[in-house]
Amino acid sequence: MTALGAVSQRAWVEQIMGLPISIHLRGDRLTDEAVEHRIEAVLAELRHVNALLSPYRDGSDLSAWERGALPLADADPMLAQVIALCDEARRRTDGWFDPRGLPDPRTGEPRYDPSGLVKGWAVERAARHLTGLDTYGWCVNAGGDVLVHAPADQPAWRIGIEHPDDPARIMRVVESRSGAVATSGSAHRGAHIIDPRTRQPATATRAVTVIGPALLWADVYATAAAAQGSAAFSWLEDLDGYDALMVTRPGLLRVTAGWPAP
Amino acid sequence: MRRISMWLFSTVAAVVLLFSYRTSTSTSTNTGPVAGAGSGGSGTSTGTATGGKTYTGSVASTRWGDVQVTITVADGKITDVAVPVYPSENHKDQEINAYALPVLRQETLAAQSADIDTVSGATVTTNGYLESLQSALDAAHLS
Numbered sequence: 001m002t003a004l005g006a007v008s009q010r011a012w013v014e015q016i017m018g019l020p021i022s023i024h025l026r027g028d029r030l031t032d033e034a035v036e037h038r039i040e041a042v043l044a045e046l047r048h049v050n051a052l053l054s055p056y057r058d059g060s061d062l063s064a065w066e067r068g069a070l071p072l073a074d075a076d077p078m079l080a081q082v083i084a085l086c087d088e089a090r091r092r093t094d095g096w097f098d099p100r101g102l103p104d105p106r107t108g109e110p111r112y113d114p115s116g117l118v119k120g121w122a123v124e125r126a127a128r129h130l131t132g133l134d135t136y137g138w139c140v141n142a143g144g145d146v147l148v149h150a151p152a153d154q155p156a157w158r159i160g161i162e163h164p165d166d167p168a169r170i171m172r173v174v175e176s177r178s179g180a181v182a183t184s185g186s187a188h189r190g191a192h193i194i195d196p197r198t199r200q201p202a203t204a205t206r207a208v209t210v211i212g213p214a215l216l217w218a219d220v221y222a223t224a225a226a227a228q229g230s231a232a233f234s235w236l237e238d239l240d241g242y243d244a245l246m247v248t249r250p251g252l253l254r255v256t257a258g259w260p261a262p
Numbered sequence: 263m264r265r266i267s268m269w270l271f272s273t274v275a276a277v278v279l280l281f282s283y284r285t286s287t288s289t290s291t292n293t294g295p296v297a298g299a300g301s302g303g304s305g306t307s308t309g310t311a312t313g314g315k316t317y318t319g320s321v322a323s324t325r326w327g328d329v330q331v332t333i334t335v336a337d338g339k340i341t342d343v344a345v346p347v348y349p350s351e352n353h354k355d356q357e358i359n360a361y362a363l364p365v366l367r368q369e370t371l372a373a374q375s376a377d378i379d380t381v382s383g384a385t386v387t388t389n390g391y392l393e394s395l396q397s398a399l400d401a402a403h404l405s
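So the sequences go chain by chain: A and B.
FYI, my numbering numbers position 119 of the first sequence as 119, with every residue one higher than the one before it.
FYI, my numbering numbers position 51 of the second sequence as 313, with every residue one higher than the one before it.
This is chain B alone, in the form it adopts within the complex:
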């Protein structure tokens, strides 16, 4: 479960990054049929008919709007990623999201095979920390 949560956090972090870099400012949110709210910590899980389990992350507030991620895990592997809540105020957002969300899904599925413990990168500052992969890796082990 630790590992799985870690990837859930990573996924949230990845989404936050994606929105930081690729979408324009937006305040409204497209809310899908999901539960859970808070500050990027807890998640909920539900079983599915296919034997996989779906984990729903908390809603993460970004400066572009709220983002929420769900992942489906089967046999310890992430088999699907969905982003039920994302900013969609205008046409541009919607166009970008149409491109960015499938990319995110692909990259999250690819990233889990890397199975890393920590991240070396260009200096992450205090301000950038919450949007970093490292913060997701840390969050999985804070107690």
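So that you can see chain A by itself, here it is in the shape it has in the complex:
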């Protein structure tokens, strides 16, 4: 029916970090042991990151460090890396991304919760296990944040961006051969993005989608812009290598100059 009719595709899905992680692979020999091995390596790494950095687990290095029970130097080095990246994210977004004082997912008490950055960072890091599968096309989707690779002999991935008012509808489609698409909004979890200035749920936008080379930064930028609202648009315009689509609270759709034409 379409150009990709000849290419076989296989999917794996696992729930990790409270998110559905799906990996789609395109190419020949989708049942090879080498393929299974690499997919398992991606999933195993995500499970490992979750065990160390989950805010839901009292036994995670993150929780122990926050309680003062584990010095940063004794924790897994990933914790220090994530804290450093969160500091950089706070600088890059002028404070609109801020893991400090977020409500604890279980108690609502303020705490340090880097989860908003950890997801994109962990998926991007775990996806390096797929680089050995360069002749394959792959697409990793972590709860709505997407990272893709398409080799030259395969079609680009078509990524539907859901309508913020109705997740059953697709608002726009972007094609990508390499890179990330991340969306922040309230369609599935209600107003869960916190405005770091007021510590209240942000309602300034309905949804922000950011496309660009790195999933970590696309995700951070989308979260920061969703918290800030329409005023973030000129900042999005100036981001190097990244483009964005924003649906404002009244329903106005805006895209940055470099956003691909429909």
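Hint data in this document are derived by calculation from the structure and do not stem from the laboratory.
All figures in this text were calculated on a predicted structure; none of them were measured in a lab.
Don't take every hint at face value.
Stated by the list, open to error - In silico contact screen, one side only, chain A against chain B (beta carbon under 8 Å); selected entries:
(1) V13
(2) G18
(3) P20
(4) H24
(5) G143
(6) I159
(7) G160
(8) A168
(9) V173
(10) S184
(11) G185
(12) A207
(13) T209
The C-beta atom is built at its ideal place from N, Cα and C for all residues, glycine as well.
Starting from the known structure of chain A, arrange chain B on it as the hints suggest.
What follows is chain B alone, placed relative to chain A:
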């Protein structure tokens, strides 16, 4: 057939979403003349006199009641969508369904032209996954 199944799954997912958002709680079900039961995986197909083929999805249990979808495919395109099983306990359900089902039909017919591989959206949690379009796209390729 893969693509077609995908849209069948998508359609089921869309219906589930529709019922999650727009109808009140309901336990009873309006059962039309269709076959097939299970957990949103397999489907059955039958030929029709017009040359199109009708695919019947399994009954999907939602918290509002059971939902089942059939699609008719001709020349690789979905030409019709029907929802033979849907919750209809009270007047309000029936009013809402009178509005929602034609909207669903229209949107399913429109959605197939988008022909997407994956969905980017506000974070889907583990709990919301089964009702998401992404789960339908995944289901079409799980083996």
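Now the hints, each set against the structure:
no., hint, verdict
1, V13, "holds (5 Å)"
2, G18, "holds (5 Å)"
3, P20, "holds (4 Å)"
4, H24, "holds (6 Å)"
5, G143, "holds (5 Å)"
6, I159, "holds (5 Å)"
7, G160, "holds (4 Å)"
8, A168, "holds (4 Å)"
9, V173, "holds (6 Å)"
10, S184, "holds (6 Å)"
11, G185, "holds (4 Å)"
12, A207, "holds (6 Å)"
13, T209, "holds (6 Å)"
Going through the hint list in order, the structure satisfies each hint without exception.
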